[in-house]
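Engineer: Sequence:
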Amino acid sequence: MIFLDHGILAIPTVPGLPPKLQTEPSTLETFRFRAFSLLSIAGMSSFCQVSIPLGTYDNLQVSVSLLAKHGSDGFLLNLVETLYGTLKEQIDIAQELSY
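Per this note's numbering, the sequence shown runs over residues 2 to 100.
Read the hints as simulated data drawn from the structure, not as lab findings. Just so we're clear, the structure is a prediction, and the values are computed from it rather than from any experiment. Incorrect hints may appear among the rest.
To be verified - Computed Cβ-Cβ distance ranges for the label pairs, DEER-style:
#1 Lys89 to Ile9: 34 to 40 Å
#2 Leu39 to Leu84: 15 to 21 Å
#3 Glu25 to Ser47: 20 to 26 Å
#4 Gly56 to Pro16: 29 to 35 Å
#5 Gln23 to Ser47: 20 to 26 Å
#6 Asp74 to Ser27: 36 to 42 Å
#7 Glu25 to Glu90: 17 to 23 Å
#8 Phe37 to Ala11: 14 to 20 Å
#9 His71 to Arg35: 34 to 40 Å
#10 Met45 to Phe76: 16 to 22 Å
#11 Phe76 to Leu18: 39 to 45 Å
#12 Asp74 to Leu22: 19 to 25 Å
#13 Leu98 to Ser64: 32 to 38 Å
#14 Ser27 to Val81: 15 to 21 Å
Virtual Cβ for every residue (Gly too), placed ideally from N, Cα, C.
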């Protein structure tokens, strides 16, 4: 079991850059498959999941998802609340360095 007592799995919320408006159907289908593979983990396993927006990079939204075992909703939300200040600070630093 990945999560044991209070383990957290951090994964990307989406698998990569969003497809363009005129993306070929086969490429779009590949993106959808990869996206649903990430987005369905919590639903299929009964784990709880939260997505944390981290800001933008190259004018694109960036986020990370955290998953915890079934019934750990409170733990996961408390963790996000605890981490958010530090994450925001690090994001601000990274954005300043990229300009």
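Engineer: Now look at each hint and say whether the structure bears it out.
Structural biologist: Going through the hints against the structure:
1. Lys89 to Ile9: 34 to 40 Å: With a Cβ separation near 18 Å, Lys89 and Ile9 fall outside 34 to 40 Å, so the hint is violated.
2. Leu39 to Leu84: 15 to 21 Å: holds, 20 Å
3. Glu25 to Ser47: 20 to 26 Å: violated, 36 Å
4. Gly56 to Pro16: 29 to 35 Å: Since the Cβ atoms of Gly56 and Pro16 sit about 19 Å apart, the hinted range of 29 to 35 Å is violated.
5. Gln23 to Ser47: 20 to 26 Å: violated, 38 Å
6. Asp74 to Ser27: 36 to 42 Å: 38 Å Cβ-Cβ, so the 36 to 42 Å window holds.
7. Glu25 to Glu90: 17 to 23 Å: Since Glu25 and Glu90 have Cβ atoms about 41 Å apart, the given range 17 to 23 Å is violated.
8. Phe37 to Ala11: 14 to 20 Å: holds, 19 Å
9. His71 to Arg35: 34 to 40 Å: violated, 25 Å
10. Met45 to Phe76: 16 to 22 Å: This hint holds: roughly 21 Å between Cβ atoms.
11. Phe76 to Leu18: 39 to 45 Å: violated, 32 Å
12. Asp74 to Leu22: 19 to 25 Å: violated, 37 Å
13. Leu98 to Ser64: 32 to 38 Å: For Ser64 against Leu98, whose Cβ atoms are near 20 Å apart, the range 32 to 38 Å is violated.
14. Ser27 to Val81: 15 to 21 Å: violated, 37 Å
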